[in-house]
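There are 2 protein chains.
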Amino acid sequence: MTNISTDKVRLGIIGLGAQGSTYARFISTGMVPNMEIGAICEPDPSKADLLRTEYSGVPFFTDYIEMLDSGEVDAVVTCVPHYLHPEMGIYALQRGVHALVEKPAGVYTKQVAELNAFAATKPDLTFAIMFNQRNNPLYQRIKQIVDSGEIGRIRRTNWIITTWWRPQGYYDQSAWRATWGGEGGGVLVNQAPHQLDLWQWICGIPRSVYAKVAYGFRRDIAVEDEVTAVVDYGDGATGTFVTATHDLVGTDRFEILGDNGKIVVENSKTATVTRLKRPERDISDGMDMQDVQRLFTGQLKTDDYYTTEVIEFESPWGAQHAGVLENFAANIQDGTALLAPGSDGINGVRLANAIHLSSWTGKEIPLDFDEDDYLIELNKRIREEGKFPER
Amino acid sequence: MTNISTDKVRLGIIGLGAQGSTYARFISTGMVPNMEIGAICEPDPSKADLLRTEYSGVPFFTDYIEMLDSGEVDAVVTCVPHYLHPEMGIYALQRGVHALVEKPAGVYTKQVAELNAFAATKPDLTFAIMFNQRNNPLYQRIKQIVDSGEIGRIRRTNWIITTWWRPQGYYDQSAWRATWGGEGGGVLVNQAPHQLDLWQWICGIPRSVYAKVAYGFRRDIAVEDEVTAVVDYGDGATGTFVTATHDLVGTDRFEILGDNGKIVVENSKTATVTRLKRPERDISDGMDMQDVQRLFTGQLKTDDYYTTEVIEFESPWGAQHAGVLENFAANIQDGTALLAPGSDGINGVRLANAIHLSSWTGKEIPLDFDEDDYLIELNKRIREEGKFPER
Numbered sequence: 001m002t003n004i005s006t007d008k009v010r011l012g013i014i015g016l017g018a019q020g021s022t023y024a025r026f027i028s029t030g031m032v033p034n035m036e037i038g039a040i041c042e043p044d045p046s047k048a049d050l051l052r053t054e055y056s057g058v059p060f061f062t063d064y065i066e067m068l069d070s071g072e073v074d075a076v077v078t079c080v081p082h083y084l085h086p087e088m089g090i091y092a093l094q095r096g097v098h099a100l101v102e103k104p105a106g107v108y109t110k111q112v113a114e115l116n117a118f119a120a121t122k123p124d125l126t127f128a129i130m131f132n133q134r135n136n137p138l139y140q141r142i143k144q145i146v147d148s149g150e151i152g153r154i155r156r157t158n159w160i161i162t163t164w165w166r167p168q169g170y171y172d173q174s175a176w177r178a179t180w181g182g183e184g185g186g187v188l189v190n191q192a193p194h195q196l197d198l199w200q201w202i203c204g205i206p207r208s209v210y211a212k213v214a215y216g217f218r219r220d221i222a223v224e225d226e227v228t229a230v231v232d233y234g235d236g237a238t239g240t241f242v243t244a245t246h247d248l249v250g251t252d253r254f255e256i257l258g259d260n261g262k263i264v265v266e267n268s269k270t271a272t273v274t275r276l277k278r279p280e281r282d283i284s285d286g287m288d289m290q291d292v293q294r295l296f297t298g299q300l301k302t303d304d305y306y307t308t309e310v311i312e313f314e315s316p317w318g319a320q321h322a323g324v325l326e327n328f329a330a331n332i333q334d335g336t337a338l339l340a341p342g343s344d345g346i347n348g349v350r351l352a353n354a355i356h357l358s359s360w361t362g363k364e365i366p367l368d369f370d371e372d373d374y375l376i377e378l379n380k381r382i383r384e385e386g387k388f389p390e391r
Numbered sequence: 001m002t003n004i005s006t007d008k009v010r011l012g013i014i015g016l017g018a019q020g021s022t023y024a025r026f027i028s029t030g031m032v033p034n035m036e037i038g039a040i041c042e043p044d045p046s047k048a049d050l051l052r053t054e055y056s057g058v059p060f061f062t063d064y065i066e067m068l069d070s071g072e073v074d075a076v077v078t079c080v081p082h083y084l085h086p087e088m089g090i091y092a093l094q095r096g097v098h099a100l101v102e103k104p105a106g107v108y109t110k111q112v113a114e115l116n117a118f119a120a121t122k123p124d125l126t127f128a129i130m131f132n133q134r135n136n137p138l139y140q141r142i143k144q145i146v147d148s149g150e151i152g153r154i155r156r157t158n159w160i161i162t163t164w165w166r167p168q169g170y171y172d173q174s175a176w177r178a179t180w181g182g183e184g185g186g187v188l189v190n191q192a193p194h195q196l197d198l199w200q201w202i203c204g205i206p207r208s209v210y211a212k213v214a215y216g217f218r219r220d221i222a223v224e225d226e227v228t229a230v231v232d233y234g235d236g237a238t239g240t241f242v243t244a245t246h247d248l249v250g251t252d253r254f255e256i257l258g259d260n261g262k263i264v265v266e267n268s269k270t271a272t273v274t275r276l277k278r279p280e281r282d283i284s285d286g287m288d289m290q291d292v293q294r295l296f297t298g299q300l301k302t303d304d305y306y307t308t309e310v311i312e313f314e315s316p317w318g319a320q321h322a323g324v325l326e327n328f329a330a331n332i333q334d335g336t337a338l339l340a341p342g343s344d345g346i347n348g349v350r351l352a353n354a355i356h357l358s359s360w361t362g363k364e365i366p367l368d369f370d371e372d373d374y375l376i377e378l379n380k381r382i383r384e385e386g387k388f389p390e391r
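Just so you know, the protein sequences line up as chains A and B, in that order.
Take the first sequence: its position 26, counted from the start at 1, is 26 in this note's numbering, and no numbers get skipped.
Take the second sequence: its position 130, counted from the start at 1, is 130 in this note's numbering, and no numbers get skipped.
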């Protein structure tokens, strides 16, 4: 179905807001060699002029279904409010158009599960999600280290990620932002989905979560701007995840402790990897009382027990997103493995939903919670808000 | 009652283990100018020889009550297993002897409340606790910054403190260690009490706690070697506290976010203090859409919004403990304000008890939990363990 004359995947961009116009620029400036802009869909007429001058010659639609049916696009990316991702993904796949959904895959797991179930019936079509951070070489390397067993079974994970300060004016930009009915949540659905994904991608999916969430804590918004969650991996291992949008001097510090080592990632830029020369439990068991004495008097050399490596990569802005677009197109073209299969998108949504549910009920929530329970609670908040229809 | 000939407070040291012998050395080498060793009480006869050679001339007792009644001491310090601190404190005060209890003040709040209640009936006697970290100039400065309101009302606190790696041999040193009946807990009662105290001393007492605690997780012990707790301050502010004894490459990172600034303490050594030039909420509210745009394109200069100060102090080993001993003696002599009044000891015990209770019940526990509930649960574990009498 790809354009025979150029062999490039013709992408239809749905929504030319901040994200959609960025992707358009990446493609039009050649950052995604196996892709071209097939068409653009933007319902806002005020943006039409910009489109026609900047992307002259590119077919323009105000209705994305018309674009899907036009034959101008092989694939689409959904740069629209989160609630719309699942239905747009389904409509695209129904019409034989490959789908790259923006993060989060949706707002509530029930709709994302429907998307995944439908996508599973279309194995010949490519279904992916824009988890550009999976294309960050630093996180790829960390996943590799953890997956290979170099630091052993995980004991504990802790991530404080508050580097997305958002002033009140950001929230006041549009009526759907930071509302239950329009956006479906705050920092968990807008800013943190990448980290909610990476955390599970690297460390595994927890069994349950307990969370304290503050809604409109330091911003005039209905949704959450402060989250503290503790997860239980079911084998004694635990984790914490802290995020907020009101920390002007944000923190980004991710720590993973394993049986055979430790990784500390600072500012998503520098990872300090400690590899023990023997499993920690063996070191502990192998020390006699004299060693213990030496330990407490500072006479044990830590170098005898571990090595330390500091890892940093250059990751210029844009390269991650462009790389995901390229990987998506390559999967369409020749079956190159996807960095972020679309079906993975549900994990972060499930964790975000469980965090909300825990804060609403005051209980620890299993990750396999009843998805109808979440929707009922979400609709309750949409109803009280009174601005958007229930889901 | 102090020794008229020297004007020094004559301290009776109860227990000449690691801690007691350290204090004896501090005093005998003149690190505590207003104190002298009045007597030593050590029930273990194998230590008697050491005592007689190293502290010749110092009265020696095997029964601490006899020492209290001997007239040789003005004050005592209780360097004995945690369960004994409250009763020894009470017996000393009953006999008109000033009491410095080791940390933790006790194992369960009920016994510590009894100690506090009794001490309150003896206002003329000095009752203090060995929270030597309160004598760390770095934490004193941080408390001063927080108390003065420089960083505003607290929004969030996070402490990961895992810098006390303990090999199995440490736990196997004595029969009471890391047992329910002999020690009453693991990392929460032995290693972390200083941080449980500092955390509340600086950031205030939380309203409730929810915790995941792993017992004998990576050590062959009955008690906890891994703790993840989330606290709720009752006003939307939250905190986390993570501690463990099996992290060979320990982390010590304490972060306090306030309405007007932030403090990050690393390794109990370096504090990075950010002071906002205006309250964060004002900065947020004062930004128009153009500022928001500039923010996202990296055109806002952070220097316009805050200043950063890095604070470090020298705190040579021993100075903190010696300083607490000196402050205790000074309070006896001339009423100098106590760094760590004995009655403060209950706060950390209460938090440790609440963390245990939460993990045992799977529920969020208010800090004013019923202290009988805790003792019932603790005794259940002592009974199952079958090594020590119930309390």
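It is worth saying that the hints were derived from the structure and are not from the lab.
Take these hints with a grain of salt, some might be off.
If several chains are the same, the list does not tell them apart, and a pair holds so long as it fits within one copy or across any two.
Here are the simulated lysine to any residue pairs, SDA-like style, with alpha carbons at most 25 angstroms apart [as the list claims (entries may be wrong)]:
{"#": "1", "residue 1": "K363", "residue 2": "D235"}
{"#": "2", "residue 1": "K277", "residue 2": "G169"}
{"#": "3", "residue 1": "K110", "residue 2": "D44"}
{"#": "4", "residue 1": "K143", "residue 2": "G323"}
{"#": "5", "residue 1": "K277", "residue 2": "T163"}
{"#": "6", "residue 1": "K47", "residue 2": "I382"}
{"#": "7", "residue 1": "K277", "residue 2": "E384"}
{"#": "8", "residue 1": "K301", "residue 2": "Q173"}
{"#": "9", "residue 1": "K387", "residue 2": "E87"}
{"#": "10", "residue 1": "K8", "residue 2": "V310"}
{"#": "11", "residue 1": "K8", "residue 2": "E371"}
{"#": "12", "residue 1": "K387", "residue 2": "N34"}
{"#": "13", "residue 1": "K301", "residue 2": "F26"}
{"#": "14", "residue 1": "K380", "residue 2": "G236"}
{"#": "15", "residue 1": "K269", "residue 2": "I90"}
{"#": "16", "residue 1": "K301", "residue 2": "T163"}
{"#": "17", "residue 1": "K269", "residue 2": "L248"}
Hint check:
Taking identical chains as interchangeable, the C-alpha atoms of K363 and D235 lie at most 25 angstroms apart whether they share a chain (20 angstroms) or sit on different chains (19 angstroms). In this assembly of identical chains, the alpha carbons of K277 and G169 lie at most 25 angstroms apart only when taken from different copies (19 angstroms versus 52 angstroms within one copy). Proximity of K110 and D44 under a CA criterion of 25 angstroms is satisfied in neither setting, with 29 angstroms inside one chain copy and 67 angstroms between copies. Taking the closest pair of Cα atoms, K143 and G323 come within 25 angstroms of each other only inside a single copy of the chain (18 angstroms); across copies the shortest separation is 48 angstroms, beyond that limit.
Taking the closest pair of Cα atoms, K277 and T163 come within 25 angstroms of each other only across two copies (19 angstroms); inside a single copy the shortest separation is 35 angstroms, beyond that limit. In this homomeric assembly, K47 and I382 never come within 25 angstroms of each other (Cα to Cα): the closest approach is 29 angstroms inside a single copy and 72 angstroms across copies. For the identical chains of this complex, K277 and E384 are neighbours neither inside a copy (57 angstroms) nor across copies (37 angstroms), given an alpha-carbon limit of 25 angstroms. For the homomeric pair K301 and Q173, the shortest alpha-carbon distance between copies (22 angstroms) is at most 25 angstroms, but the shortest distance inside one copy (57 angstroms) is not.
Taking the shortest alpha-carbon separations for K387 and E87, only the intra-copy value of 21 angstroms comes in at or below 25 angstroms, while the best inter-copy value is 63 angstroms. When the C-alpha separation of K8 and V310 is checked against a cutoff of 25 angstroms, the pair qualifies neither within a copy, at 39 angstroms, nor between copies, at 53 angstroms. When the C-alpha separation of K8 and E371 is checked against a cutoff of 25 angstroms, the pair qualifies neither within a copy, at 39 angstroms, nor between copies, at 70 angstroms. Taking the shortest alpha-carbon separations for K387 and N34, neither the intra-copy value of 42 angstroms nor the inter-copy value of 71 angstroms comes in at or below 25 angstroms.
In this homomeric assembly, K301 and F26 never come within 25 angstroms of each other (Cα to Cα): the closest approach is 51 angstroms inside a single copy and 27 angstroms across copies. Proximity of K380 and G236 under a CA criterion of 25 angstroms is satisfied inter-copy only: 22 angstroms between copies versus 35 angstroms inside one chain copy. Proximity of K269 and I90 under a CA criterion of 25 angstroms is satisfied in neither setting, with 36 angstroms inside one chain copy and 55 angstroms between copies. For the identical chains of this complex, K301 and T163 are inter-copy neighbours only, at 16 angstroms across copies versus 37 angstroms inside a copy, given an alpha-carbon limit of 25 angstroms.
Proximity of K269 and L248 under a CA criterion of 25 angstroms is satisfied in both settings, with 19 angstroms inside one chain copy and 24 angstroms between copies.
In summary, the structure is inconsistent with hints 3, 6, 7, 10, 11, 12, 13, 15 from the numbered list given earlier, while agreeing with the others.
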